[in-house]
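Chemist: Starting from the given sequences, assemble the full structure and let the hints guide the process.
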Amino acid sequence: MKYKVLYHPDVKEKDLSVINNKIKSRIKNAIERRLMVDPVKYGDPLRKTLKGYWKLRVGDYRIVYKIENVNIFILGICHRKEIYRKAELRI
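Numbered according to numbering that gives the first Met the number 0, the sequence shown spans residues 0 to 90.
Honestly, the hints are just simulated from the structure, not real lab data.
Keep in mind that a hint or two might mislead.
[Said to hold, decoys possible] Pairs of lysine to aspartate or glutamate residues, derived as DMTMM-like cross-links and limited to a Cα-Cα distance of at most 25 Å, are as follows:
hint, residue 1, residue 2
1, K85, D59
2, K40, D59
3, K54, D9
4, K23, D59
5, K80, D43
Modeler: This is the structure in structure tokens:
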């Protein structure tokens, strides 16, 4: 099944603007080859305040997302130190 990816407005404006092009390319490949193919298989469920959301690891970066039918809503793409705090603020 092919999934459709939707982004939180801050992802493109704030998150991706501070990431270098090499990492952006790896993140894009991960989204296209893993998330859009099978987000449950490649992701890990989150707990506590982010229960219901999933994470995908790409090096030191994390993609936090929610699966809704055939839509994947990406809440944030940040370094692992910052992602969970930012994701909680965006819910």
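Chemist: With reference to the structure, classify each hint as holding or not holding.
Modeler: Do the hints match the structure? See the list:
A threshold of 25 Å between alpha carbons decides the hint, and for K85 with D59 the separation of about 16 Å falls inside it, so the pair holds. Restraint check for K40 and D59: the C-alpha separation of about 20 Å stays at or below 25 Å, so the hint holds. This hinted pair checks out: K54 and D9 have alpha carbons roughly 17 Å apart, not beyond 25 Å. Simply put, K23 and D59 have alpha-carbon atoms about 12 Å apart, close enough for the 25 Å limit, and the pair holds.
Restraint check: the Cα-Cα separation between K80 and D43 comes to about 17 Å, which is no more than 25 Å; the hinted pair holds.
Figure legend: structure checked against the earlier numbered hints; every hint is met.
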